[in-house]
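Here are the chains, one letter per residue:
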Amino acid sequence: MDALLLQFFSLDVAITYFPKMLRGLWVTIQLAFFIVISGLSLGLGLSLLRALKNRLLNFAIIFFADLMRCLPPLTLMFIFFFAFPLIGIPLSGKVAAWLALSLVLAAFSEEIFWTAILSVDKGQWDAARATGLSFSYTIFDVILPQALRISIPPLTNRTIAITKGVALASAVAVPEMLGEAIAATSYSSNSTPLIMAAVGYLAIFFPLTLISQRIESRIRWSL
Amino acid sequence: MDALLQSFFNIDVLAEYWPLILHGLGQTILLSVIVVPLGLLGGIVMAILTTQKNNRYRQLAVFLVNFFRAFPPLVLLILIYSGLPHLGVRLTPLSSVIIAFFLNTSAYYGEVVRAGFLSVPVGQTDAARATGLTYLQTIFYIRLPQAVRNVMPDLLSNTLEVVKLTSIAAVVTYTELTQAARVAQGLSFNATPIIAAALLYFIILWPLVRIISRQERRELY
Chain A
22 MDALLLQFFS LDVAITYFPK MLRGLWVTIQ LAFFIVISGL SLGLGLSLLR ALKNRLLNFA
82 IIFFADLMRC LPPLTLMFIF FFAFPLIGIP LSGKVAAWLA LSLVLAAFSE EIFWTAILSV
142 DKGQWDAARA TGLSFSYTIF DVILPQALRI SIPPLTNRTI AITKGVALAS AVAVPEMLGE
202 AIAATSYSSN STPLIMAAVG YLAIFFPLTL ISQRIESRIR WSL
Chain B
5 MDALLQSFFN IDVLAEYWPL ILHGLGQTIL LSVIVVPLGL LGGIVMAILT TQKNNRYRQL
65 AVFLVNFFRA FPPLVLLILI YSGLPHLGVR LTPLSSVIIA FFLNTSAYYG EVVRAGFLSV
125 PVGQTDAARA TGLTYLQTIF YIRLPQAVRN VMPDLLSNTL EVVKLTSIAA VVTYTELTQA
185 ARVAQGLSFN ATPIIAAALL YFIILWPLVR IISRQERREL Y
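Line by line, the protein sequences give chains A and B.
Straight run, no breaks: the first sequence in this note's numbering ends on number 244.
Straight run, no breaks: the second sequence in this note's numbering ends on number 225.
Honestly, the hints are just simulated from the structure, not real lab data.
Be aware that one or more of the hints could be misleading.
Cβ pair distances, simulated, as ranges [as the list claims (entries may be wrong)]:
| # | chain 1 | residue 1 | chain 2 | residue 2 | range |
| --- | --- | --- | --- | --- | --- |
| 1 | A | Ser-238 | B | Leu-26 | 41 to 49 Å |
| 2 | A | Leu-154 | B | Gln-56 | 50 to 58 Å |
| 3 | A | Arg-239 | B | Gln-150 | 24 to 32 Å |
| 4 | A | Gly-109 | B | Gly-190 | 17 to 25 Å |
| 5 | A | Pro-106 | B | Thr-96 | 29 to 37 Å |
| 6 | A | Phe-39 | B | Tyr-139 | 44 to 52 Å |
Think of the CB as a built atom: it goes at the ideal place given N, C-alpha and C, for glycine as much as any other residue.
So here's chain A without its partners, still in its complex pose (with noise of 0.2 Å):
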């Protein structure tokens, strides 16, 4: 029963690949906080360019939101990272990867912010133009604030959801947490590492996760 503890639970293991691990997580984090930032302002930004009606515009966003909704995000990592260098644009993995999800994202958080958009009734486009605002105004100030409240909780559900995604960058070569993890357990056999990897994972998803159930038990009753 000892071995197999010292299997999964070894301290000295723990203490050796510690910096590797914590160096691995800080890959995760950095990972995760771009993804965020440029899938949602990629995402708020064409479900802004949609309200336009450009007819064509609005063909090319859909097809873009339904091909990245279609492909496996691992499958976009493996484009980017194996295809992409065969005509002559080498992308690092880490590109690779923040690439492929934040795509993903960008086409799920528009559809979210779109549904959202639309959901605005009618009467205030109407009510706004009519006062003389803008089109910008229009949008903006008062279109929406008001999508933006509905679009929240199936925007964290999705955001977090994809954001899990970063350990696939493991492999396309990345050294976040999982892909530290792996080299780790192979050098020592011992899967300490890769608890390590899985408790660090869900230190940062657990507590999001209850955010976002929270978020969205409060604003379903609020509305």
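Based on these hints, arrange chain B on the given structure of chain A.
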């Protein structure tokens, strides 16, 4: 432009590796057909437990659902595939994938079905029980059908995520579509197989994405 065509849309490469890619597609479909029903079943059990009156089982179920929703599925899969052998339990890639997916998707489906149960008025349960239906009959004939109908868009969009997620089986060398494409790309030094795999995902999943969009929009009105 020519280089792009040569590396991304090379007919010769595609023809040579088509059998491998098609095999991968078959495995992706097989995986989905195994893990989606299992996850749904687990999710229904979790939803029944988490909507009970407060007791120890409910608390445990709520914890498990939150725990596995926070656990990145790839970390879970690697832990099962590379960690368990140190316990003397050596699982094949397929069984590791099935176990990891069962834990992950049961939690996600559990949340969706739970929301469905909560959307069914309590009067339905009371009426069913009053007419003499047993507890289980009430669940399966009265509450579950209504719950499922109420959260159909979420169920479908979760299923889309599960099918896409089968791609992580590639990391434990299971030859599903993504891994098949990756292997073919490595053998041919050409990106066509990966592009073909992406197109195949798009072709099989696009109808589902359209249906989900339409249903979500319909919910608004």
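Against the structure, the hints come out as follows:
For the hinted restraint 41 to 49 Å between Ser-238/A and Leu-26/B, the CB-CB distance of approximately 46 Å keeps it satisfied. At about 51 Å, the beta-carbon gap between Leu-154/A and Gln-56/B stays in the expected band of 50 to 58 Å. A hinted range of 24 to 32 Å for the beta carbons of Arg-239/A and Gln-150/B is consistent with their spacing of about 26 Å. Under the hint 17 to 25 Å, the C-beta atoms of Gly-109/A and Gly-190/B, about 19 Å apart, fit the expected range.
Pro-106/A and Thr-96/B have their C-beta atoms about 33 Å apart, which keeps the hinted 29 to 37 Å range intact. At roughly 50 Å, the beta-carbon separation of Phe-39/A and Tyr-139/B lies within the given 44 to 52 Å, and the hint holds.
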